[in-house]
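Chemist: So you can see what is in the structure, the chains are spelled out below.
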Amino acid sequence: MSNGPLEIKAISGHSGPVPGQGVSRDYDVCKLVDTTTCIGCKACEVACLEWNGYEFRETTFDNTYQTMPDTAWNFWNLIRFNEHENSDGTISWLMRKDQCMHCEDPGCLAACPAEGAIVQYQNGIVDFNQANCIGCQYCVTGCPFDIPKFNSVTKKVYKCTLCSDRVGAGLEPACIKACPTGCLHFGSKDDMKALANKRVDQLKANTSYKDAGVYDPDGVGGTHVIYVLHDAKNPEKYGGLPADPRVPLMVRLWKGPLKWLGGMGMIFGVLGVFMHRVKYGPKHVDRVEEKRP
Amino acid sequence: MTNGWIDIKNTDVMLIMGGNPAENHPCGFKWAIEAKKNRNAKIISVDPRFTRTSSVADHYVQIRAGSDIAFLGGIINYIVNNGRINKEYVVNYTNAALIIKEGFKLPDDGIFSGYDPQGMKYDVSSWNYEEGGDLTPKDATAFAATASVLVKPPAPPAAKGAAVHAAPAAKPPKVAPKPAAGAAPPAIVATLPPNVAYDRSLQHERCVYQLLKKQYSKYTPEMVSKITGADPEKFLKAAEIFTSIRDKGDTKKVGTIIYSVGWTQHTYGAQIIRTAAMIQLLMGNVGRTGGGVNALRGHSNIQGATDMAGIFDNLPGYLKVPTPADKDFGSYTKRITPTSAKPKEWDSFNYWSNTPKFAVSLMKALYGDAAKKENDWAFDYLPKIDRKYSWVEIWDGMYRGKVKGLMAWGMNGVAIGPNSQKNIDALKKADWLVVCDIYPEETSSFWQSPGITEDEQKKINTTVYRLPGAGFAEKDGTFVNSARWLKWKDKALDPPGDAKLDHEILASIFLKVKQLYQQEKDKPGTKFPDAILNLTWQYVNPKVPTFTEMAKELNGKALADLKDDKTGQEIKAGQQLPGFAWLKDDGTTMCGNWLYSGSWTEAGAQTQRRGQEDPSGLGIYPNYAWSWPANRRVLYNRASCDINGKPWDADRMQVRWNDGQQKWVGNDVPDFKVDSHPKDHMGPFIMTPEGTGRLFVPLAGMADGPFPEHYEPMESPVDNLFHPKQNNNPVVKKYTTDRDKYGTPKDGFDVVCTTYRLTEHYHYWTKNNPVNSQLVPEPFIEISEDMAKEKGINGGDKLKVTSARGEYYGKAMVTKRIKALTIADKKIYPIGIPIHWAYRGIREDRERKAGNTTYLNPINMLSPTAIDPNAYTPEFKGFLVKVEKA
Amino acid sequence: MSGGAVVRPSVAVPEEQVIRYTFPERVGHWINGIAYTYLLATGLALFTPHMYWLAAVLGGGPTIRFWHPWMGVLYMITIFWMHSTWKKDMVTTAEDREWQKHMKDYVENRDDKMPPQHRFNAGQKQFWWVMFYASLILLLTGIVMWFPEEVPPGVHWVLPIVVFIHSATALITIAGFLIHVYMSVFVTPGSMKGMLDGQVSADWARTHHRLWYEKITGRRK
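Residue numbers (the numbering used here), protein chains in the order written: chain A, 6 to 298; chain B, 902 to 1787; chain C, 30 to 250.
In short, the hints are calculated from the structure, not lab data.
There could be a bad hint or two in this list.
[Said to hold, decoys possible] Mimicking EDC-like on lysine to aspartate or glutamate, the simulated pairs with C-alpha atoms at most 20 angstroms apart in a straight line are:
no.: 1; chain 1: A; residue 1: Lys-203; chain 2: B; residue 2: Asp-959
no.: 2; chain 1: C; residue 1: Lys-142; chain 2: A; residue 2: Asp-67
no.: 3; chain 1: B; residue 1: Lys-1717; chain 2: A; residue 2: Asp-291
no.: 4; chain 1: A; residue 1: Lys-215; chain 2: B; residue 2: Asp-959
no.: 5; chain 1: B; residue 1: Lys-1626; chain 2: B; residue 2: Asp-959
no.: 6; chain 1: C; residue 1: Lys-222; chain 2: A; residue 2: Asp-216
no.: 7; chain 1: A; residue 1: Lys-209; chain 2: B; residue 2: Asp-959
no.: 8; chain 1: B; residue 1: Lys-1690; chain 2: A; residue 2: Glu-90
no.: 9; chain 1: B; residue 1: Lys-1701; chain 2: A; residue 2: Asp-93
no.: 10; chain 1: B; residue 1: Lys-1329; chain 2: B; residue 2: Glu-1294
no.: 11; chain 1: A; residue 1: Lys-288; chain 2: C; residue 2: Glu-54
no.: 12; chain 1: B; residue 1: Lys-1712; chain 2: A; residue 2: Glu-88
no.: 13; chain 1: B; residue 1: Lys-1135; chain 2: A; residue 2: Asp-93
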């Protein structure tokens, strides 16, 4: 199916290269977050809140500009603010839009026991279907980014949907639409990767960010949300972005060998005891009379 | 802005200082990001704290709040010493070559010539040009010779009888209006000489350039560092990055300076902006694509408010309000209309010479047929200002019991301060208060402010009327943005409940007042009903005038058939005017604001245009909305070309001289006399009598000196290192009631405090909105880690901040983004406080009902009543406080 | 399968009965057994998609997610109950070691080669201790898995380990459970009767648990 009529050709009040120009949105979508041009205005936070219809939640001041310590079941998009003193005495105030990374190899999906609770679309979006969610939170276990959040009232887990509803209608996600500086881009993975690499080359050539890089971790098969970082060697600086995120080994073992071995064990166990019965039969009770001489 | 938002994308380097656009103008800041991404442009951020803007800057320098002139003066010194000027531009487009009269004295001791210490004001007569001709030495440098090649032969001398004038604003859109000569005796008013002496070699010891060089020679990196607290290396790096565009005589590159209220809110705010303008003139950046001095306005329509007489001594279009000394319309317009003052061989458009046309057309718009030549265009109807009625004066007057009532419209007087307690106490003394707003806010709730007991409330006799107005999304009309664009918007929804459109409320008040005058005009004791009864009010529904009708009035129309003799173009009586060039001083045109003429023509509302074409790729979008004046996007764009009319950078051409057509053409509307040949040497700065940009502001242009000089804020932690005996601005305006106290380090006030806004909030009303309150829930105070350590403060601890005037409470934000500074070998702790909280709002109402009022003080409890003598802006930045754990 | 002892049909002698399990012991065992069965079914549903149909059978995913931990609590109570009752009987003895040496004979029903045993033979004891310790592990990991939202984000790394241990431990108990059920139902006639009625025939007792038999009856051969 083609979304041709909804592809972006031009943007009003905008000159130069149009981000996402002519991008096909049929498959393989990707968000690019350029942290080097993010100003932490939180427009994406508000857009996410409003599009998804979540209301006010009480917050308290916590010695930071960050809205709350972590994303929440009804707050999926959080800019993480991190002050960092550099070795040359300068300061960095790193702002990173945190949300579901939509892994190509999603740990949440691997860990989820409930049929149809987590869906990975052809376009790369990993979506939660709360109707099928049983609230076990195995997805939390499987996620290397600590994204899924539990609502203790509904007993369901929630997270960023990458606006699958909007994307399905040929629109960009709400956060992208709201971003005033254009640090957020949306398009196909290939296009976003190319755009990100171009920006990284530019940063390396023209700024002091010689360690700039693209964050698209292989450990989870790549992600459908990628970052341009000033310092790709130390992603942890950006509010705990893991350097090498992987679906936890234990989840792999659990959902791989253990599941297999367990299943086999049970089948062969039942078969085994049945064969035992067939071969040896039941035990006999010695009668007293027989033992007496 | 001399330029516009989108134009920022065309720049090579940005000096962002006195503003934090990433925080306060995130949508416009996209163009700064575009410049970074598409042009590898550099951002230099200079600020008392490492801000959201600093986070995306290439270079950041921390300075002490209030030390901006020292920093910028240091850059001027750097420019001069390193030859980082555009010589051709400086010689021909600025007044660098003009020679200043003998007797003018630079402020080595902090004071310019002509100071009257008793009256705390200057006699400005020595701040003037010398009369005479070309004093360029014959053996001048080769450069001066080249520059003179195009000088046309001597023209006949300019008309004699130069009028008295008050040196109109060089750049009306952004520089605050200058004080009029006012009620001062007009006996001896100095005037600019029509034939100014000059030296194109810039060698004459009294030429502006040499004086400037001398004035800023003391702003060495060492002194800059001592005064501002900036690391000298970092200062030098900032100066180098910004001025590097003029390295090795390059004139192609361009830089922009972007500022906001971080510069205006000082007792010398207008002079800080002047310093920036001087830098841009020296480097030849004004008038150019990607250049300029760009003021970012703090509200969606503050530019419109200023254009429409937002300040007490202005009429719409920056015309001066008459004073009692103006005996009639003729003497009034003569006073406010400048005549050209320039080197004889040069030309000056002196556009303000059209002032009478603008003024008569305004009178026709105000009073219609009642304004006739015979009755001096109803000049008597206009109010005359006998003294300064600036914002702080009004509250001072009320506190003194002189002002008895106040109508507060779309502004929260108590919260926006300064010195909130004085304002609260002033309202206690008023008879009545009318507030039109969309929320119950602090001003109309002044009697509920923290600390007022129920018994005290009973003793307050002020009658408060609260009128529910309409929010911005509930009305049509135009916004005028920082780029001077008039942009029409349609309302999104109707006002809720009993709320009414603001102008509907105003109209009903006016009609009621008019009715009273009508009924009682013949009764004894009724004074001067004519001004009210004759005010034009020709709207289809007088009770609810439409914005369309008002917008058309502002544009102006012909009152008689008009014909342009040159082009033969005709306009019939009653038709909308195509632009201000058609305005007449004979009563055949009316226009509510000459700057807006052209915005609603016979072709319709230009403000509603949404054309997406940008043929030049420079973001000019000539068919999108409408930019005053005359849809020009970049002011003074003649300066984007060299003296021959060739663009400094052909890739970023704004306009150029087309020799074939014998006129100026280009991507933008030329801000110039369109057929003025480059050889005429007409100055690009058509709004000054000289035609040049003013490095030196002569006469009464600035109240506090022709050159900016570093003065300390009203409350400062150190003595002025340049001249300890003249610490503050010599003509600063202070107040004297018992509520107007000023603190010193000796009294324990030794922390430099600055105030600002956050992205997450908008002034004092978003605390009524759940989402904003969620993003940043409560007041906080940013302090440095070393200060926290010294005082044993942890992040989240409750703090009490005290100034000489009041207290403020909030939670501590301990941050790496603010560092202790060494000022004059003294360790100074700076702190910063966002302004947004007070005692009305979701959380605030809850807390107040629970009796927890301590943490509900407005921030302006702290700020001082001391104002800039030019723009009357209070000093919200850089005052002294002490900080302790609450 | 009948709970009665299998006797040779040619001989018709009224069987002498001895008390094998008291009523509280039996109640504890069966509550434990039912709870385990539920935990097994629901646990398998959560363990592998191939068994998720069990969730539907048992009321749906959210329902089993809700009841599994509560059933676990009940299960643990009976485990501790059984432990308090049987811990003395479960102490390993010299005879057990002897028995273990003859494990192969036991498996292949050459019971005449087996040494006499106390109330529980070494196999039963092993099963008990495996179940007991495994249950403790399941309890501890289960509590974490019951409330993962209470685990601070900084220590989320512990969750996958916990989940793995819970599953792996459960699999071990399944192995034990399988043998236990098989032995009692299919291999050792009379033992089911013992757990249902509380009584076993003296012959049964003497055959399988001679030392216990002699102890409770005072008889020697």
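Chemist: Now tell me if each hint is right for this structure.
Modeler: The hints, checked one at a time:
Restraint check for A/Lys-203 and B/Asp-959: satisfied, since their Cα atoms lie roughly 19 angstroms apart, inside the 20 angstroms limit. At roughly 74 angstroms between alpha-carbon atoms, C/Lys-142 and A/Asp-67 are farther apart than 20 angstroms, so this suggested pair is violated. With a C-alpha separation of about 86 angstroms, the suggested pair B/Lys-1717 and A/Asp-291 falls outside the 20 angstroms cut-off, and the hint is violated. At roughly 13 angstroms between alpha-carbon atoms, A/Lys-215 and B/Asp-959 fall within 20 angstroms of each other, so this suggested pair holds.
Restraint check for B/Lys-1626 and B/Asp-959: not satisfied, since their Cα atoms lie roughly 38 angstroms apart, outside the 20 angstroms limit. Between the alpha carbons of C/Lys-222 and A/Asp-216 the distance comes to roughly 75 angstroms, so the proposed pair goes past 20 angstroms and is violated. At roughly 13 angstroms between alpha-carbon atoms, A/Lys-209 and B/Asp-959 fall within 20 angstroms of each other, so this suggested pair holds. A C-alpha spacing of about 17 angstroms is found between B/Lys-1690 and A/Glu-90, which places the hinted pair at or below 20 angstroms, so the restraint holds.
Restraint check for B/Lys-1701 and A/Asp-93: the C-alpha separation of about 34 angstroms exceeds 20 angstroms, so the hint is violated. Of the pairs offered as hints, the one joining B/Lys-1329 and B/Glu-1294 holds, with about 17 angstroms between alpha carbons and a cut-off of 20 angstroms not exceeded. The hinted pair formed by A/Lys-288 and C/Glu-54 fails the criterion: a straight-line CA distance of about 24 angstroms is larger than 20 angstroms. Of the supplied pair hints, the one linking B/Lys-1712 and A/Glu-88 holds, its CA atoms being roughly 19 angstroms apart against a limit of 20 angstroms.
The hinted pair formed by B/Lys-1135 and A/Asp-93 meets the criterion: a straight-line CA distance of about 12 angstroms does not exceed 20 angstroms.
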